[in-house]
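Engineer: Here the protein sequences come in this chain order: A and B.
All the letters of the first sequence, read from the start, carry residue numbers 6 to 298 under our numbering.
All the letters of the second sequence, read from the start, carry residue numbers 6 to 298 under our numbering.
Don't read these hints as lab results, they were simulated from the structure.
Watch out, some of these pointers could steer you wrong.
As the list claims (entries may be wrong) - On the chain A side, residues computed to face chain B include the following (Cβ under 7 Å):
| hint | residue |
| --- | --- |
| 1 | Ala94 |
| 2 | Ala110 |
| 3 | Glu113 |
| 4 | Ala122 |
| 5 | Ala139 |
| 6 | Gly155 |
| 7 | Val162 |
| 8 | Leu165 |
In this text, a Cβ means the ideal position worked out from N, Cα and C, and glycines have one as well.
2 protein chains.
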Amino acid sequence: MRPEPAPTNTTEQRVDLVLARVLSKAASVPPRLADAMRYAVLGGGKRIRPRLVYASGRLAGAPIEVLDHAAAAVELIHAYSLIHDDLPAMDDDDLRRGRPTVHVAFDEATAILAGDALQALAFESACADGVEAAVSLRWVRLLARAAGAGGMVGGQVLDLEGETRRLSADELEQLHRKKTGALLHASVAMGAAAGNLPGGKADALDRFGTEIGLAFQIHDDVLDATIATEALGKRQGADADRGKSTYVTVLGLETARKEADRRMASALDELACFGTEAAELVELAKFIVSRRR
Amino acid sequence: MRPEPAPTNTTEQRVDLVLARVLSKAASVPPRLADAMRYAVLGGGKRIRPRLVYASGRLAGAPIEVLDHAAAAVELIHAYSLIHDDLPAMDDDDLRRGRPTVHVAFDEATAILAGDALQALAFESACADGVEAAVSLRWVRLLARAAGAGGMVGGQVLDLEGETRRLSADELEQLHRKKTGALLHASVAMGAAAGNLPGGKADALDRFGTEIGLAFQIHDDVLDATIATEALGKRQGADADRGKSTYVTVLGLETARKEADRRMASALDELACFGTEAAELVELAKFIVSRRR
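Assemble the whole structure, with the sequences as input and the hints as a guide.
Structural biologist: As structure tokens, this is what we get:
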């Protein structure tokens, strides 16, 4: 007897279907570019950002068909950022999720352009037919701020600067609030924006998004320092090898683990006001800091 | 006595002010990233795309303060595309408008990231406060399609493929409809979308946007083949040297000149239904195919 699929699998499969649909809708795309985009987006991953959109959006009472567009948008931004982060001029990684990175599987120009096209497609997805204009507008604003110079891109700049000098714990938090936290927070906020929550609960969900983003990154640094290359899908200790400041190199392994736990507890506290309705989001939060990539 | 500035100067100055304002509004941006973004965006250029937004928008009766946001958006997309096109993995140009390109003046990682951030900022600008939700939504859709895989990015992919084989005249038109034409067309369409034109005139303006885009590119190829490096701001014949197919290499210089004239006449025909009200757009169209960069 085959085991029942875990409840989260259903959402992962939905995300893959939604992403494949969005990618196939773009008309008149040169085949090599379309291939690189599909390779990057449909190459697996835990789909944490889309799952945050769905869980937060359902908690806010939003229809799942509307949430599909936001889920696709955040994952397309994530996928583009991975392609560009892996480039030779940046982190110079040739392995991602156990497969050659896009610039290795294709070439550097195609990788840069596939990333560029995925960012545009994310904004197109946020404005899809069937989404209220006011909701699309809030999504585009949230996404643009999270992805841009004050968010994810700014965080990557700080990350590269962190290779040349040791960052303080405060600087590291600032870096990760931008680089990883901004898009995770946007995922939660975009889900909430599609629904209709009273102000107090909306604020609590917003703070949850911030805390879970930090818990995620600290856990990621712990994983990078401790998990074998095969399980991780990239070289073990790759970040530390490059001289990058990570939570582990700055705080030490045990303190980093405790800090991840503290952020996680703080995130879950914010969900208390929802009672049992937040069960899906609680489960997802716990998955985030228990995952082995 | 100093000469009066030409009428077009006023719009150019407005564009610079609007762009500087948009760039300064982004909060908490790492200084090096902010510098690279400003270097790329405020480094001159004829601002043809914003000027198309203003001229088309005024013809459609849109307020200039609303058009500012669309004008900034199209120029930010244009600026990001130039940064990425100039990268070593793409056209590998070290000179742009007579100055070092961004990856030369800064470094390659900063250039990639500044381009990425400018794309996000373009979409943020299209959703600025003070623009009706329905207009912003049309702008984001127009911009995302023009910039993405079926538009500008797809055109750049075809352009790079054109270095390895000689393109036919039809393929060349397809390439330039995407690479240059899509964003020029979007500039005209975004201006029009902010106003209120009856269907027939809106369609004519839309076709004008398509034709002027092709006239622009053919003229650009003619310039590349004939103008000295100093006046051009980049190396003379740089495209042809790389073995790129251009309108000049495919059609010959004289036929390319005639084709630019034909497209220009076709563009102006579309404006006939507006009578003298289209004077600004007619003047701008003529400037586009007479310019010496």
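Engineer: Would the hint on Ala110 (chain A) stand, with a C-beta cut-off of 7 Å toward chain B?
Structural biologist: Not OK, violated: Ala110 (chain A) not within 7 Å of chain B, min 15 Å.
Engineer: Given a cut of 7 Å on the nearest C-beta pair, is the interface hint for Val162 (chain A) held or broken against chain B?
Structural biologist: holds, 4 Å
Engineer: Quick check on Glu113 (chain A) please, does its C-beta sit within 7 Å of some C-beta on chain B?
Structural biologist: holds, 4 Å
Engineer: Measuring from the C-beta of Ala94 (chain A) to each C-beta in chain B, is the shortest one below 7 Å?
Structural biologist: holds, 4 Å
Engineer: A closest beta-carbon separation below 7 Å is what the hint needs, so does Gly155 (chain A) meet it against chain B?
Structural biologist: OK, holds: Gly155 (chain A) within 7 Å of chain B, min 5 Å.
Engineer: Can the hint on Ala122 (chain A) be confirmed by a CB-to-CB distance to chain B that is less than 7 Å?
Structural biologist: holds, 4 Å
Engineer: Would you check whether Leu165 (chain A) satisfies its interface hint, that is, whether its CB is within less than 7 Å of any CB in chain B?
Structural biologist: OK, holds: Leu165 (chain A) within 7 Å of chain B, min 6 Å.
Engineer: Just to be careful: measuring from the Cβ of Ala139 (chain A) to every Cβ in chain B, is the smallest value less than 7 Å?
Structural biologist: holds, 6 Å
Hint 2 from the earlier list is the only one contradicted by this structure; the remaining hints agree with it.
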